[in-house]
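Asks: These protein sequence lines are chains A and B, in that order.
According to the working numbering, the stretch in the first sequence is residues 56 to 169, in order.
According to the working numbering, the stretch in the second sequence is residues 84 to 329, in order.
Derived by calculation from the structure, the hints in this document are not laboratory data.
Source: prediction; values computed, not measured.
A portion of the hints provided could be inaccurate.
[Stated by the list, open to error] Straight-line distance between alpha carbons at most 30 Å, and here's what the computed DSS-like set of lysine-lysine pairs gives:
no.	chain 1	residue 1	chain 2	residue 2
1	B	K295	A	K63
2	B	K218	B	K294
3	B	K218	B	K295
4	B	K123	A	K136
5	B	K295	B	K150
6	B	K294	A	K63
7	B	K304	A	K136
8	B	K123	B	K98
9	B	K244	A	K150
10	B	K306	A	K136
11	B	K98	B	K244
12	B	K294	B	K150
13	A	K63	B	K195
[To be verified] Restraint ranges, calculated between C-beta atoms of paired labels, are given here:
no.	chain 1	residue 1	chain 2	residue 2	range
14	A	P142	B	Y223	52 to 62 Å
15	A	R145	B	N192	23 to 33 Å
16	B	K195	A	L57	22 to 32 Å
17	A	V154	B	V139	47 to 57 Å
18	B	R209	A	P66	28 to 38 Å
19	B	L159	A	L57	44 to 54 Å
20	B	N284	A	F92	29 to 39 Å
21	B	K150	A	I83	53 to 63 Å
22	B	P213	A	L156	52 to 62 Å
23	B	N200	A	L168	25 to 35 Å
For every residue, glycine included, the Cβ atom is placed at its ideal position computed from N, Cα and C.
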Amino acid sequence: MLIELLTKRYPGMRAWLTQRLSGLVMAIYCVIALIRFLVLQPNYYEAWVDFFQPWWWRLASLLFWMSLLIHAWLGMRDVFKDYVPNPNIRGVLVKLLVVVLWLYLAWATWLLLG
Amino acid sequence: MKFSIYRFNPDVDQKPYMQDYDVVLEDSDQMLLDALLRIKDLDDSLSLRKSCREGVCGSDSMNINGKNGLACITKLSDLEEPVVLRPMPGLPVIRDLVVDMTQFFENYNSVKPYLVNNDPPPETERLQSPEDRAKLDGLYECILCGACTTSCPSFWWNPDKFVGPAGLMQAYRFMVDSRDQDIDERLENLEAPDRLYRCHNIMNCVEVCPKKLNPSAAIAKIKDLKFEQAREHKSQAKKQIAIKSV
Chain A
56 MLIELLTKRY PGMRAWLTQR LSGLVMAIYC VIALIRFLVL QPNYYEAWVD
106 FFQPWWWRLA SLLFWMSLLI HAWLGMRDVF KDYVPNPNIR GVLVKLLVVV
156 LWLYLAWATW LLLG
Chain B
84 MKFSIYRFNP DVDQKPYMQD YDVVLEDSDQ MLLDALLRIK DLDDSLSLRK
134 SCREGVCGSD SMNINGKNGL ACITKLSDLE EPVVLRPMPG LPVIRDLVVD
184 MTQFFENYNS VKPYLVNNDP PPETERLQSP EDRAKLDGLY ECILCGACTT
234 SCPSFWWNPD KFVGPAGLMQ AYRFMVDSRD QDIDERLENL EAPDRLYRCH
284 NIMNCVEVCP KKLNPSAAIA KIKDLKFEQA REHKSQAKKQ IAIKSV
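The shape of chain B in the complex, shown without the other chains:
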């Protein structure tokens, strides 16, 4: 099977180049990662990340024939030859298919991806009703592979400003968590013009998500929550005016 793989070693190379490989695969080589490991047996200078090999850790996300995805759950039989592999776009390349994800995780951390609850901890655990728990479905499954965020042109052009689909989906995941008490702060945190509103709903994120999640819908729901917040502020302001007039 033929491959064309992006190569760049900053210690040696002046600029990146594409290297062609033609490898003979075994019957057991079903996924793209299997083929990459076969190539790595032939050329151990090829760098890539991998860990779980079953689409859970998100380490081996890369650009496969022009579309971001996980090598470990991409079937070789679905790929056109030559298979063109590049690092995920929009992030600095460390070497070959390995990118520096610092910016991605900085953006993720900026939305406070953890529960904020100022009540004293209960003896056992903070319980949720099944209905409240169901609100987290389709959100908590994100594996932070970065495929969605690095498919997003708004992130390419403003990586330090636009949070990106993965971070925004996690922001929404905590906003709708019944155990969280920080929704107002979370919404304020996204109010700067470029943090949330750079999303123009082109839905690249939805198309590439290897877990079939829908960051675009989560982003739209954050905007809905913004409307709710404004409505509550208005009713609170009215109440305060009524109290003052009494």
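One chain only, chain A, in its complex shape:
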């Protein structure tokens, strides 16, 4: 059912639900990250490297980043819709945002999997 609500048949629900699901992913990641942080207590550089060493944690971190960027895309798109009435300026800002978010994703992927 969730998959159906994420299809083009439900354009409004799709964006709304995507934002909630991405938020949920980030919340779960933050809880696990906090637990790992408290358990491992990485307080020097090598410990931080070890913290991000497990492949599953790097994948989870990438999932977190993807969720964050999707969440930011939907949120910022709404902000631009609300506060930038000029369609030309809004178009430029939206394109700029897309470029920035893709750059962030590439950077995060390189850091985590590169």
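Assemble chain B onto chain A, guided by the hints.
Replies: Chain B only, in chain A's frame:
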């Protein structure tokens, strides 16, 4: 009592201004509307709407000390001086405290605020069980004063797209009416990205509603109905696939 009131007459004024009034009230002047009528006795150029004087018609909604409300049921003793009165935000001002509510009612009309039932009319009336009737409580009482919708930033920025809390609450009121047969159409009607989903649950609507209604909860329940609709579509699709395979 001191008042500062938004004034604008488009025939005369270049731009709006705030006018100060200091009026002596009578003991019988208990509500803000009483004071406004007292001011109007002194200055009959002041324009405002009013009708029932008891919070039923919704005519005298305005922005009172920064918060939307009805002048006729706002106690003077609850107000800080000077009482700052402005027209409801987000709608064009016709004159002084009178706003053009065309957009508000267009949005309201867009949700088809009436029963749709294609069955032949019964001899007497379409009956409801007490349980079904109870589902309308907290919804049908809306007086369409516009206080909630004009408190909503999503309406300010997208008045022609976002239906607004009053219209959405009425949409839900007919969705849950057991006599209505148009729920699928009603949900489809709100599916465009900006009609329903611009609500970000900041709950200004709940805070200002003079009838103590909860449009925000109604909006959340419309989203629940959307889930129900998707679930039904999926089970129907499964049934059709099963029939085809047989």
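Asks: For every hint, state whether the structure bears it out.
Replies: Hint by hint, here is what the structure shows:
With a C-alpha separation of about 37 Å, the suggested pairing of K295 of chain B with K63 of chain A is violated against the 30 Å cut-off. A distance of roughly 17 Å separates the Cα atoms of K218 of chain B and K294 of chain B; the hinted pair therefore holds under the 30 Å criterion. Proposed proximity of K218 of chain B and K295 of chain B is supported: the alpha carbons are some 16 Å apart, at most 30 Å. The hinted pair formed by K123 of chain B and K136 of chain A fails the criterion: a straight-line CA distance of about 41 Å is larger than 30 Å.
Annotation: proposed proximity of K295 of chain B to K150 of chain B holds, straight-line Cα distance about 14 Å (limit 30 Å). Between K294 of chain B and K63 of chain A the alpha-carbon distance is near 38 Å, which puts this suggested pair outside the 30 Å criterion. At most 30 Å may separate the alpha-carbon atoms for a hinted pair to count; K304 of chain B and K136 of chain A meet this at roughly 25 Å. Proximity of K123 of chain B to K98 of chain B is assessed by CA-CA distance (about 21 Å); at most 30 Å being required, the pair is judged to hold.
For the proposed pair K244 of chain B and K150 of chain A, the alpha carbon gap of about 23 Å is at most 30 Å, so the pair holds. Distance check on the hinted pair: K306 of chain B and K136 of chain A sit about 22 Å apart at the alpha-carbon level, within 30 Å; holds. With a CA separation close to 28 Å, the supplied pair K98 of chain B and K244 of chain B stays within the 30 Å bound. Simply put, K294 of chain B and K150 of chain B have alpha-carbon atoms about 15 Å apart, close enough for the 30 Å limit, and the pair holds.
The hinted pair formed by K63 of chain A and K195 of chain B meets the criterion: a straight-line CA distance of about 24 Å does not exceed 30 Å. Distance hint check: the CB atoms of P142 of chain A and Y223 of chain B are about 40 Å apart, inconsistent with the given range 52 to 62 Å. For R145 of chain A and N192 of chain B, the Cβ-Cβ distance of about 29 Å falls inside the hinted range of 23 to 33 Å, so the restraint holds. K195 of chain B and L57 of chain A have their C-beta atoms about 29 Å apart, which keeps the hinted 22 to 32 Å range intact.
Our hint of 47 to 57 Å for V154 of chain A and V139 of chain B holds, since their Cβ atoms are close to 55 Å apart. A hinted range of 28 to 38 Å holds for the C-beta pair R209 of chain B and P66 of chain A, which are about 34 Å apart. Between L159 of chain B and L57 of chain A the Cβ separation comes to about 53 Å, which falls inside the hinted range of 44 to 54 Å. Between N284 of chain B and F92 of chain A, the C-beta spacing of about 31 Å keeps the proposed range 29 to 39 Å intact.
Here the CB-CB span from K150 of chain B to I83 of chain A is close to 38 Å, at odds with the stated 53 to 63 Å. P213 of chain B and L156 of chain A have their C-beta atoms about 53 Å apart, which keeps the hinted 52 to 62 Å range intact. At about 59 Å, the CB distance of N200 of chain B to L168 of chain A disagrees with the hint of 25 to 35 Å.
In the structure shown, a violation is registered for the earlier hints numbered 1, 4, 6, 14, 21, 23, in ascending order.
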